[in-house]
Amino acid sequence: MKRQSKPEKIKKEKSTAPGEWLYFAPANVTVRSIYEVLTDDYEVEIWEDAGVLEIGLNDGATLDIEWTKIPAKDEITAAFAKQHGCENVFLVTLKPEEFETAKKAMNKIVAFLGGLFCGDTEDFTPVLQ
9 MKRQSKPEKI
19 KKEKSTAPGE
29 WLYFAPANVT
39 VRSIYEVLTD
49 DYEVEIWEDA
59 GVLEIGLNDG
69 ATLDIEWTKI
79 PAKDEITAAF
89 AKQHGCENVF
99 LVTLKPEEFE
109 TAKKAMNKIV
119 AFLGGLFCGD
129 TEDFTPVLQ
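Quick note on numbering: our numbering labels position 114 of the sequence shown as 122, and the sequence is numbered without any gaps.
Careful, some of the hints might be misleading.
[Said to hold, decoys possible] Now the in silico label distances, taken between C-beta atoms and shown as ranges: (1) E51 / A80: 34 to 44 Å; (2) A35 / E105: 15 to 25 Å; (3) A80 / K112: 15 to 25 Å; (4) E56 / K116: 25 to 35 Å.
[Stated by the list, open to error] Keeping only pairs whose Cα atoms sit at most 20 Å apart, straight-line, the calculated SDA-like set for lysine to any residue is: (5) K90 / D128; (6) K103 / G27; (7) K103 / W75.
Just so you know, these hints were derived from the structure itself, not from any lab. From the three backbone atoms N, C-alpha and C, an ideal C-beta is built for every residue, glycine too.
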């Protein structure tokens, strides 16, 4: 009996980008303003009262953005925000393997609204601005 080989599964290249990011934004940026920047190019759902956006990327992948307050005890994040002239902070979640697709939306947000995206890491890297 001949041995049949199994078809190889095609894997997406693993990304080194983090799955959790922070968007440091100027004081005037809200989930509504982010929504308005992206609606021409993406399918975006907004829950304004909750401060949440879900941006459809492709194949069911999403870029999720949620407004948050910097906890009073988090002096490092507060200092980083102040250093970059940003008063609003949003938690951003994506699948690392979808980073290149999500990066296009992230760059569009920064181009229109200002601020910067940073990995939610100890040293705030990588940075998109």
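Status of the hints after comparison with the structure:
1. E51 / A80: 34 to 44 Å: This hint holds: roughly 36 Å between Cβ atoms.
2. A35 / E105: 15 to 25 Å: With Cβ atoms ~34 Å apart, the hint is violated.
3. A80 / K112: 15 to 25 Å: violated (35 Å)
4. E56 / K116: 25 to 35 Å: Violated, at about 20 Å.
5. K90 / D128: holds (16 Å)
6. K103 / G27: holds (5 Å)
7. K103 / W75: holds (19 Å)
Hints 2, 3, 4 from the earlier list are contradicted by this structure; the remaining hints agree with it.
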